[in-house]
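Build the complex: two chains, separate frames, hints provided.
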Amino acid sequence: MAETAETLLTVENITLRFGGVKALTDVSFDIRKGEIRAIIGPNGAGKSSMLNCINGFYHPQEGRITYKGQTRKQMRPYEAASQGIARTFQNIALFRGMSVLDNVMTGRVLKMNSSLFEQAFFFGRARSEEIAHRAKAEEVIDFLEINAIRKTPVGRLPYGLQKRVELARALAAEPDLLLLDEPMAGMNVEEKEDMSRFILNVNAEFGTTIALIEHDMGVVMDLSDRVVVLNYGEKLADGTPDEVRSDQAVIDAYLGASH
Amino acid sequence: MPLPDLDRHDTFPKLLRHNAGARGNRPAMREKNLGIWQTFTWSEQAAEVRALACGFANLGLKRGDHISVIGENRPRLYWSIAAAQALGAIPVPVYQDSVANEMQFILEHASVKIVIAENQEQVDKVLSIKDRLPELHTIVYCDPRGLRDYTEAFLHHYDGVLAKGRDYDKVHDKFFDEQVDAGKGSDHAIMCYTSGTTGQPKGVVLTHRNCIKIGAMAIEFDKLSEKDDVLAYLPMAWVGDNLLSYGQSHIAGFCMACPESSETLLIDLRELGPTYFFAPPRIFETMLTSVMIRMEDAGRFKKWLFHTFLDHAKKVGERILDGKSVGLVDRIKYALGEICIYGPLKNMLGLSRMRIGYTAGEAIGPEIFVFFRALGINLKQAYGQTEASVFVTLQPDGEVRPDTVGKAAPGVELKVVEGGEVMYRSEGVFLEYYKNPDATASTKTPDGWVHTGDAGFIDDSGHLHIIDRAKDVGKLASGDLFAPKYLENKLKFFPNIREAVAVGDGRDFAAVMINIDADAMGNWAERRNIAYASYQELSALPAVYELMASHLAEMNAGLAKEPQMAASQIRRFLVLPKMLEADDGEMTRTQKVRRSAVATKYAPLIEGLYNGATSVYMEVEVTFEDGRRDIVKGNVPIWDVDAASGAMARAAE
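Protein chains in written order, with the numbering used here: chain A, 1 to 259; chain B, 1 to 653.
A couple of the hints might just be wrong.
Pairs of lysine-lysine residues, derived as DSSO-like cross-links and limited to a Cα-Cα distance of at most 27 Å, are as follows [claimed, not checked]:
| no. | chain 1 | residue 1 | chain 2 | residue 2 |
| --- | --- | --- | --- | --- |
| 1 | B | K32 | A | K151 |
| 2 | A | K192 | B | K633 |
| 3 | B | K578 | B | K592 |
| 4 | B | K62 | B | K164 |
Quick list of the computed label-pair ranges, beta carbon to beta carbon [claimed, not checked]:
| no. | chain 1 | residue 1 | chain 2 | residue 2 | range |
| --- | --- | --- | --- | --- | --- |
| 5 | A | R197 | B | E621 | 22 to 30 Å |
| 6 | A | G160 | B | R528 | 25 to 33 Å |
| 7 | A | F206 | B | E152 | 20 to 28 Å |
| 8 | B | G522 | A | G97 | 50 to 58 Å |
| 9 | B | R166 | A | A120 | 45 to 53 Å |
| 10 | B | G558 | A | T106 | 55 to 63 Å |
| 11 | B | S128 | A | G160 | 36 to 44 Å |
It should be emphasised that the hints constitute simulated quantities derived from the structure, not laboratory data. Bear in mind the structure is a predicted one, so any value in this text is a computation, not a measurement. We put the beta carbon where it would ideally sit given N, CA and C, even for glycine.
Chain B with its partners taken away, still in its complex shape (with noise of 0.2 Å):
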């Protein structure tokens, strides 16, 4: 079925209106309640949709008024936006796991009106910061466990809301219609607040059109259709979650699914089997470290069988997936593999009908990303911002590889400027960032290019390689290159480190401080029979110093090949006594490291990996789940790596 005409349905609530006279009977919205699988069908979404917008007119929401969704995927919690977005309304998702303060800004930035909560949790965050935002006067909630003890008159739940909506719509029949005409392409349809690796977060608004123009795009690309299906479990507030689960399906017509809860994520992918699927590199990785840990327990002909195949798959998998020419003998083993390995594998994985997967956010590990296209899967990488509207670059069918994040998609101009700054112009660009004309102007420039704030180069092919943010790219005291997070990235690769962060800007040589991955590690460390109480000592353990620094040794093994990276080479390190959190202010909620609030907080470690120190003593505050604080303490020791030989020599010694 071809798109519909998306100059006549130019939002996503006409494109809803759309949906429910063109394929009213087919799924829109999955939602798994009490175990079971429960379908909404376009019509029945069009339906709810409808009720909601009324009840929330009903309760005073006005064109132009901003409204907040705070929770994890739930079709309710979509439903608002459709309904927001009905009325003329901008939906400003927040991440779920903000605590109290950091919602507060983007709720008192946005004069945010009404907010709907999926639950008590996040009722009780609101409600904490209630009298702080005086422009709040609504707080709807979906889930009424625990809650029927609150008393507060601005608190509504949900069906309540629909209700009194259905109520109003009897009365005011022509209402919704006419507000769902009123709306125009070029009306405000989202603002995403940005996680922010420096500062404030910024509101970046989107229109209707932005969204449509390069949600359609990607569609006819990847040739989506209304058969397909998406599990919609990335955080809500991403742009990403809402262009290619919200906006695509409308737009295609195919139907999104939400988890039952974040734990269940891997269940409900099995039950599901998507066709169409989006993951940040952790995602595959935490696949296949628990494909691999498993497979350490099995029998060893299973082992063998495994291997076997897997090796045979890393051989000519991608070339038949590719399409290119591969031997009669090599397809006849792939085919048997498929039977005995690949197919259960993927089955297990609930990826047995994946026909297009994406990761992006992240550099992925080459291992990570051959196994999984050695198996049969197209997985690619893509390279988006929310300032475009998500998508930038995509890697093409037929040419795809771990080291680039492809080529510019159709529509999207792309250039790299003096600095290595990647610049990008495309019908997704923003519109503005919110109340905040001095960003908008420092990034986007009057004809419409945008600074990425990422240092890339692009190949003779036309793919774009992405080397580091560039205000992050600094010089070793030598005047060579140093790009942090292109080592980090090469080091993140170990499946036992989990997140790794390079220091060298303006010193003598670069020197790192890895996390390690406590699952993994843990493993390993039970294998070995070494004890150990906490994640602090783990950490600290010598035989796990000696793994990193053979890792490092490899590493730099690597890097004196190339030559724009040869003096980057990691001559100390040390592992971190603590993970580090997005809840004690070290990573973004997209957890991605925060540089800079690590390097004051960690002061006293890199000191010592400049000034020769074996051990520094340490204390660090972590917060827990809760919100409780305590403080890991203990020395942390740093060893040497000698570059030259790949040898390692502990410091002491």
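Bound-form chain A, shown alone (with noise of 0.2 Å):
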């Protein structure tokens, strides 16, 4: 699948500074259509920065990025939303006091037309765009088996449905590339795994094309299809899981090299 689809966003040479220090350095590599792209590496190595590059949230000093054939130098969170990037973070960052499927809708919000004042009243466009929108929300909560906590507010969940829901926010944007900080972080096996099989669902079902930083090395040789390897801001390594595991470099990167 992932050999012959064409490429969905490319980066270019970015080098990314926060005054002196250096967080990203000339790496480039790309992403496919419909593949499973995994960003590995140690704590540092500047994978949320990369993930913050492509979303806009940062502005890289250097290099360039493409994504679906247009290349830009600078895109805000905004633009890359409204254009199909969506995502999870690393520290859960969701509306605590809201319910599940009140979080779930602010995934929709920018496939919203009805003016302000029409939402406020809730006529004309705004309860038609109610009842689509909340069919999709719907349908992504039945995907994600969380019905049950539907009108819970987040706040009261535990860490891995927490995680869960805010994998459905960014699948309820109807994304064309999802990019995942660390979507298993502090979960465990049993959680680990029902995540994994979500991943690949929505690979599988929605054909969403996914980018996932993660640290759990059994988890990103099972679902990815290509692994690039960052350490201390520069490319590693770049390949499919088999290449990057016996790849001399990433093993002194992560199992520590003889100096």
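What follows is the structure, given as structure tokens:
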């Protein structure tokens, strides 16, 4: 699948600096349509920075990002979202006081066209839109099997479920590219298995392209079609899980080299 | 509206046709789909069943064939049952949580031709045993998720079967009605496999006449009508669900609703507010426990209000419910309580509209029973069996007591024979055990009396009391009666005890192995700042043992007052390191303890109970939901309980 598909996103020679600190140095890779692409690396390797560049949260000083054939230097998160990039966060970023359903509905906001006035008084387009978007949100809820907590405030849910709700919100936006920042951090084995199953199902059923950051090597190797390895802001390796696993540079970075 | 002429409409397909004509626009079925309740009317339901039946015929289903439905309560599975019955085929519902080889036994024994599976999980299970089932020619699935890459030619989507059925119906437009007309009341309507506390499950064959007679009897007994609502959430493979939800809705014309999933049950219950509700004691227990746990977190004023009115309800609520005389002041206070506490509480639990509730299957704790009745909910007890098409005894309004299972239902004859075993005869008595004439002969006498296998007695007011399974009633070494279930039920009435297994047959004294309730005890431990990492660790804590010992002392004090039971006071006990699970073969799928399996598996512990040990090392295998296995090992402490004074003493000291 991944071999024949066209390229969805290309990252070329990205360099990102925060003052004197170089977070990313000359990183290039691509993401093909329909694949699951993992970004791995030790702590501080620049993985989250890379995702933040892709969805326009950080603006790299050098380099280019080409998404859906359009090359750009800078983009705002809002623009990225409206062009079909959705993401989840390493530290869950949900509205804790709102119900699961409402949180998932926020994923639909960019698809709503009715005016503030219409929404405030719930007439005209607002009503029919609400119905259509609720249906989509419910589809996602059903897909991720969170029906039982639909009306529960997110703040009351255990961590593993909150992660799933965050995925649901991202999915509700019907993204072309889904960025997952450590979707399984802090989960137990069973929760990880559930999450892996959902990620695979999302990829298979909706054809969503997925880029994910993950620490658990077992999960990465099982899930992803291709893996890019970062270390101290530089690209160390790029290839299929098997290629990456047997790469000496990767082994050194992960297991520690004898200096 | 009176019941239809049941001699003319003597099968469920005929009743469906009658309902489509008589109340075509009334709701027949509800299902929550994508968060919104969808309603199907009787005429829609009839059209769906017609198309589906034609679809099944198109797949080669013949009169007398068996089909199997496997899954949670879904309208499509009920329609599959109806469609099979319309063709004169016999539906065999299978427990959705059975593992593949349990399923294999039933599918093989019943020579099932078509399986209707809810989803990928069930399809996978059936596929894994398909090689061993030569008669199975088709699998139909309802939910296509995850099944897109399955290429087996014998695998069909429900919608496809339906579409082909509609085409078939257009060509053979007389076919369906001819098939329905050909059905007779004496035809096999359904086959339910009893979960089998011992040995292999037996297929109980019930006729349309069995189900309709008993269903109609219970409808008249409780004055049910087309205006009632039920929630069909108990396993479809259990005869009770088939009769009470599917059967009675066809006879009385009321609406049955299917919950969204088993996890959303309590939410769905609240949204629907059924008027007729059937639940094992466990459900009511869960409700009560959750209310009590949440009240613990309430403010002081709310707590005071709650307990004040609850105490008042316990004093007068049941009398008001039974229509007995109650003073004006008490009535006013009760009415005030209804506004402040009872009403909102019932609303919260989804019981506001409940007119009649039944609990059966196990004994219910008197406190639980009285709690719900005091709130003004007409909760009653019943006793029944698969072999009886459910009902044997029912509690009439106004004669409801926590310690009996009621009087013989109208049309049911009841007697207690030598050895204390209860027997009955009624129009609901099953035809036979499928392909098992020996078992049929040993259970059903030639003149139609059925051995229940339960020991009990009928009291002066005509109420039946059940003590235990007849074969489980034993004797202590002293010759005194030992009824383990009786002891276990008393223990299970303590909210923090989930399960108990009493031993003592042929021994010097009675002892017990306890399963603590993880939620209730976890909460209890949290409140006392007691740290624990696992169920196993929690169950071995001395504080937990102390609490259990105090429960046992309380129970022994009660037993000492009953002449028949005084000798069965519990002298020693232990807390099991793992929950008893159906997956480990320790319980049946209906959550009853498999006594012999437990006795074998935990033999070292039972040995310890009687050889004076203070702690026994034990290794037990556990099976996780996904089929993986692991070993739980560790020391299980054993404590003594002093029967005479009720005080507890640690064995080691």
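We went through each hint and held it up to the structure:
Between K32 (chain B) and K151 (chain A) the CA atoms are separated by roughly 15 Å; this keeps the pair inside 27 Å, and the hint holds. Simply put, K192 (chain A) and K633 (chain B) have alpha-carbon atoms about 26 Å apart, close enough for the 27 Å limit, and the pair holds. Of the supplied pair hints, the one linking K578 (chain B) and K592 (chain B) holds, its CA atoms being roughly 16 Å apart against a limit of 27 Å. Taking the CA atoms of K62 (chain B) and K164 (chain B), the gap is about 17 Å. The hint holds against a cut of 27 Å.
The supplied range of 22 to 30 Å is met by R197 (chain A) and E621 (chain B), whose beta-carbon atoms lie about 26 Å from each other. Taking the beta carbon of each, G160 (chain A) and R528 (chain B) are about 27 Å apart, inside 25 to 33 Å as hinted. Roughly 25 Å separates the CB atoms of F206 (chain A) and E152 (chain B), a value that falls within the hinted 20 to 28 Å. In this structure the hint that G522 (chain B) and G97 (chain A) lie 50 to 58 Å apart at CB is violated, the actual value being about 27 Å.
Take R166 (chain B) and A120 (chain A): their Cβ atoms lie about 46 Å apart, and the range 45 to 53 Å holds. Judged by the Cβ atoms, the range 55 to 63 Å given for G558 (chain B) and T106 (chain A) holds: they are separated by roughly 57 Å. As the Cβ distance of S128 (chain B) to G160 (chain A) is approximately 29 Å, the hint placing it in 36 to 44 Å is violated.
In this structure, the hints that do not hold are numbers 8 and 11, in rising order.
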